[in-house]
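The whole structure should be built from the sequences, with the hints applied where relevant.
Protein chains: 2
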Amino acid sequence: MKLYDLDVSGNCYKVRLFASFIDIPLNIVPVDFMHGEHKKETLLQLNPWGEIPILEDGNIVLRDSQAILVYLANKYGGEAWWPSEAHLQADVMQWLSVAANEIKHGPGAARLIKKFGSEGDRAQSLERSYKILALIDSHLSTHNWLAANRPTIADCAVYPYISIAYEGDVVIDKYSNIKAWMNRLEELPGYISMPGN
Amino acid sequence: MKLYDLDVSGNCYKVRLFASFIDIPLNIVPVDFMHGEHKKETLLQLNPWGEIPILEDGNIVLRDSQAILVYLANKYGGEAWWPSEAHLQADVMQWLSVAANEIKHGPGAARLIKKFGSEGDRAQSLERSYKILALIDSHLSTHNWLAANRPTIADCAVYPYISIAYEGDVVIDKYSNIKAWMNRLEELPGYISMPGN
Numbered sequence: 756m757k758l759y760d761l762d763v764s765g766n767c768y769k770v771r772l773f774a775s776f777i778d779i780p781l782n783i784v785p786v787d788f789m790h791g792e793h794k795k796e797t798l799l800q801l802n803p804w805g806e807i808p809i810l811e812d813g814n815i816v817l818r819d820s821q822a823i824l825v826y827l828a829n830k831y832g833g834e835a836w837w838p839s840e841a842h843l844q845a846d847v848m849q850w851l852s853v854a855a856n857e858i859k860h861g862p863g864a865a866r867l868i869k870k871f872g873s874e875g876d877r878a879q880s881l882e883r884s885y886k887i888l889a890l891i892d893s894h895l896s897t898h899n900w901l902a903a904n905r906p907t908i909a910d911c912a913v914y915p916y917i918s919i920a921y922e923g924d925v926v927i928d929k930y931s932n933i934k935a936w937m938n939r940l941e942e943l944p945g946y947i948s949m950p951g952n
Numbered sequence: 756m757k758l759y760d761l762d763v764s765g766n767c768y769k770v771r772l773f774a775s776f777i778d779i780p781l782n783i784v785p786v787d788f789m790h791g792e793h794k795k796e797t798l799l800q801l802n803p804w805g806e807i808p809i810l811e812d813g814n815i816v817l818r819d820s821q822a823i824l825v826y827l828a829n830k831y832g833g834e835a836w837w838p839s840e841a842h843l844q845a846d847v848m849q850w851l852s853v854a855a856n857e858i859k860h861g862p863g864a865a866r867l868i869k870k871f872g873s874e875g876d877r878a879q880s881l882e883r884s885y886k887i888l889a890l891i892d893s894h895l896s897t898h899n900w901l902a903a904n905r906p907t908i909a910d911c912a913v914y915p916y917i918s919i920a921y922e923g924d925v926v927i928d929k930y931s932n933i934k935a936w937m938n939r940l941e942e943l944p945g946y947i948s949m950p951g952n
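As you go down the protein sequences, you meet chains A and B in turn.
Under the working numbering, think of the first position of the first sequence as 756, with each following residue one higher.
Under the working numbering, think of the first position of the second sequence as 756, with each following residue one higher.
FYI, nobody ran anything at the bench for these hints, they're computed from the structure.
Errors might be hidden in some of the hints.
Same chains, same names: a pair is fine if it fits in one copy or spans any two.
Claimed, not checked - Subject to a maximum C-alpha distance of 30 Å in a straight line, what follows is the list of computed BS3-like cross-link-like pairs (lysine-lysine):
no. : residue 1 : residue 2
1   : Lys869    : Lys886
2   : Lys830    : Lys869
3   : Lys795    : Lys870
4   : Lys869    : Lys795
5   : Lys934    : Lys795
6   : Lys929    : Lys795
7   : Lys870    : Lys886
8   : Lys886    : Lys795
9   : Lys757    : Lys934
10  : Lys934    : Lys794
11  : Lys929    : Lys794
12  : Lys886    : Lys757
13  : Lys869    : Lys794
14  : Lys794    : Lys886
15  : Lys794    : Lys757
As structure tokens, then:
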């Protein structure tokens, strides 16, 4: 199974982290992001969005880190990480949307702007970051895990950009419930960190 | 089953549309959005995000329109609308992320700014709109439906804000594949339109 990967991408890290939790090997294919390899024909044929990660499993090709988590959990991870029961699956799904929306446009965007000089509204990204962090912290005041009362792909989807939020000058010090949740996740068997962290 | 609803919300329409496709009755509870009812204690207890739709099914309470679609499809819609096979489910999931991210921050944001005077970067919302519309149009040049070669919740999640994109001055005239796909969806049994459309 091939992962078209960039080491500093939080979205790629999501996939590496979850694959490590469920102990499936990935054939990592580094993408030369700085030279725009993801925008060139070969990779655009795999993902017209021009983004990574891309997962290739036989003739299955998937873009979007949330979709890749769903695929890996459904096919290889089992019920624990991606419940099949409707209300539990929807509970996890709520957080996959948070990862795709609030986390991406909050701490994800703040980091892109600060660390990589991407265009964007820094003040807006910080405002969005603290809004979603407060909601998550409040949720975690009464829950050990984001969804379904156990570690799921919800945690794997939301954790990465929070764990590197400091690279976008987003300060998580006061969110004690988030910090405790991060510690719990970091103690799970198979946990790996972002390179450099 | 209760849907806390706002008639002009595309996210609420997603839920009404899909419920109509699978022919399940919803008890519609109109939320007095203009007077901020969604930000008051009673609704914040159901959804701390302060957003609608909210679905209540017995003691199950769900926020996020994508998660609500997953719940309804899993519990009441069956395999057709939300495939259980890993690669097909992930195919649908790719588009649920598109709905939560690119559609929300593209045509969704453009409409909020234009129609409701919401704060936001209008130029950025238009740029994002045309970028995602071009990608969707290209995808639909070789597919009748967004995912899994059949109508799924992917179509129900992406269609609403495209069907009302004109309210944000996003012009879809030149996207002939999108228009043909919209026609196909509008001909499905149970289709209902946005109020006023």
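Intra- versus inter-copy proximity for Lys869 and Lys830 (alpha-carbon distance at most 30 Å):
Neither: 37 Å inside a chain and 43 Å across chains, both beyond 30 Å.
Could you place Lys929 and Lys795 in one of the four classes (within, between, both, neither) given a Cα distance threshold of 30 Å?
between (43 Å within a copy, 25 Å between copies)
Have a look at Lys869 and Lys794 and pick one of within, between, both or neither, based on CA distance no larger than 30 Å.
Intra 22 Å, inter 32 Å, cutoff 30 Å: intra-copy only.
Should Lys929 paired with Lys794 be assigned to within, between, both, or neither, using CA atoms and 30 Å as the limit?
Intra 39 Å, inter 24 Å, cutoff 30 Å: inter-copy only.
Check Lys757 against Lys934 for me: Cα-Cα at most 30 Å, and say if that holds within a copy, between copies, both or neither.
neither (32 Å within a copy, 35 Å between copies)
For the identical chains here, do Lys794 and Lys757 meet the 30 Å Cα criterion within one copy, between copies, both, or neither?
Classified as within: same-chain Cα gap 18 Å, cross-chain 45 Å, threshold 30 Å.
At 30 Å max between alpha carbons, let me know whether Lys934 reaches Lys795 within a copy, between copies, both or neither.
Answer is between: at 29 Å across copies they meet the 30 Å cutoff, but 39 Å inside does not.
Can you give me the call for Lys886 and Lys795, within, between, both or neither, at a CA distance of at most 30 Å?
Classified as between: cross-chain Cα gap 17 Å, same-chain 36 Å, threshold 30 Å.
Please sort Lys886 with Lys757 into within, between, both or neither, judging by C-alpha distance up to 30 Å.
So Lys886 and Lys757 pass the 30 Å test across copies only (27 Å; inside, 36 Å).
Up to 30 Å CA-CA - Lys795 versus Lys869, copy category:
within (26 Å within a copy, 35 Å between copies)
Between Lys795 and Lys870, at a C-alpha cutoff of 30 Å, which is it: within one copy, between copies, both, or neither?
within (24 Å within a copy, 38 Å between copies)
Within a copy, between copies, both or neither: where do Lys870 and Lys886 come within 30 Å Cα-Cα?
both (21 Å within a copy, 25 Å between copies)
Going down the numbered hints, you'll see the structure goes against 2, 9, while the others check out.
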